[in-house]
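From first to last, the protein sequence lines stand for chains A and B. Start counting the first sequence at 1; every next residue gets the next number (the UniProt record's numbering). Start counting the second sequence at 1; every next residue gets the next number (the UniProt record's numbering).
These are calculated hints, taken from the structure and not from any lab test. Just so it is clear, CB atoms sit at the ideal spot from N, CA and C, and this is done for glycine as well. It is possible that some hints are incorrect.
DEER-style ranges, computed between Cβ atoms [as the list claims (entries may be wrong)]:
1. R115(A) - S166(B): 22 to 28 Å
2. R115(A) - R82(B): 40 to 46 Å
3. G99(B) - E110(A): 48 to 54 Å
4. S38(A) - R104(B): 42 to 48 Å
5. S174(A) - S166(B): 28 to 34 Å
6. K194(B) - S174(A): 47 to 53 Å
7. L101(A) - E8(B): 38 to 44 Å
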Amino acid sequence: MESKPSSSPPNFIDQQVVPGDVVLDLSTMTNQTIKLGSGLRQDGDAISAIKAGVLRFAKPNKYWVESSQKRYVPCAGDTVLGIVVDSRSDNFLVDIKGPTLAFLPVLAFEGGTRRNIPKFEVGTLLYVRVVKANVGMNPELSCMDASGKAAEFGRLKDGYMFESSTGLSRMLLSSPTCPVLEAFGKNLSFEIAVGLNGRVWVNAESPANLILVANAIMKSESLSAVQQKILVERLLKRVQ
Amino acid sequence: MKEDEKKELVTPGEVLGTASELKAGKGAYFSANDKTIYASLTGFRSIIPAPIDATDQRPTVEVTGHKAHGAVPEPGSVVIARITKVMARMASADIMCVGPKSVREKFTGIIRQQDVRATEIDKVEMHASFHPGDIVRALVLSLGDARAYYLSTAKNELGVVSAESSAGGEMVPISWTEMQCPLTGQIERRKVAKVGA
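Please put together the full structure from these sequences, using the hints given.
Written out as structure tokens, the structure reads:
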């Protein structure tokens, strides 16, 4: 945290914050409605951070703390990679790296009826969407998007899945395209599915390419854009 | 026979009398092969004289256990319960009081999705009706199954009576579907009971 002169209130936007930092004072911001995202908590007039990370602001009024951790807290609307743990008569039990197992209803598939229920074995990797995630209840998943189409959700065949932090997942999904993925995309062909719960699945034509891409992604979380491009160039030179 | 001492402590298996002199009431049983009445609970024995016009003039002996004076939920009674678990189609609750009396042992109740309210029962969202930790007033529908009573909150005066917000403040009801936290001003959805006139 940088120290600012005490004459003006310190502006924490895009700065590192730690739990306990009072980042906003509502008594100085009258007649505004602000939206607090994850990592912030209201105590009367003071808004304090409860997670360590970078404070972000989006116009017109959204504040949140961006942090990266290995634990995942299920949130409605997220797309995640889950592993089937068990199947019951009306839903599959899926592990999504959260505090509890999630339920995937057997009918939550495009054109799903009681007659064509998919048969997933224990250990199947699925790309799913979190529909409901309330505190205290098991999250509910779906293999359809909001309009009822299949949209790439479902079982992921072949390939390799590895675990990452939530920060790396968000970096891989950011737009414009993450530098490491863009650099690989120009020279190799590969498929990737990123789960916001800290799981990434990659598939490529040959195992060598697959391992190359997976290892490069795992290394690139702390690298800047330029460093990522250099890393990819070095790896591709060694292969080709 | 110890008929004069009405508050004597007995333990299970103790002889209370012979079947020729007494009838077995609550907490006591009649053993056919030796025609004696034994106690089946630990508690105080009391003897109730037979009604005057009954053909069988034997007094009834009863043993009152420590749980006997606690209330027991009956179908049709209004109970106060604390919600323990909220699931997709039902909520589990711990019954704490039956009417004005508190219970002496643990009773579990279940509020099913179709019993939360009287209108649009298939569109009920359990998480918008109850949260774990809420205190609700409910009506006992039936004895249910071996695990739990079936409860209902499908009336105006039934539902959440007291609830804590996620920030920790005790919420104030503002309508039959919403409660507001006094610390943060956040509104949370519940199935609120109409208290008062």
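Between R115(A) and S166(B), does the beta-carbon spacing fit 22 to 28 Å?
-> About 42 Å separates the Cβ atoms of R115(A) and S166(B), which means 22 to 28 Å is violated.
Given a hinted range of 42 to 48 Å, is it respected by the beta-carbon distance of S38(A) and R104(B)?
-> Holds, at about 44 Å.
So the hint says 28 to 34 Å: do the beta-carbon atoms of S174(A) and S166(B) match that?
-> 30 Å, holds
Consistency of beta-carbon spacing, E8(B) to L101(A), with hint 38 to 44 Å = 55 Å, violated
Starting from the range 47 to 53 Å, see whether the pair K194(B) and S174(A) falls in it by beta-carbon distance.
-> Because 50 Å falls inside the window, the suggested range holds.
State, for the Cβ atoms of G99(B) and E110(A), whether the hinted interval 48 to 54 Å holds or is violated.
-> Since G99(B) and E110(A) have Cβ atoms about 52 Å apart, the given range 48 to 54 Å holds.
Given the range 40 to 46 Å, decide if the beta-carbon distance of R115(A) to R82(B) lies inside it.
-> 42 Å, holds
When held up to the earlier numbered hints, the structure conflicts with 1, 7 and fits the remainder.
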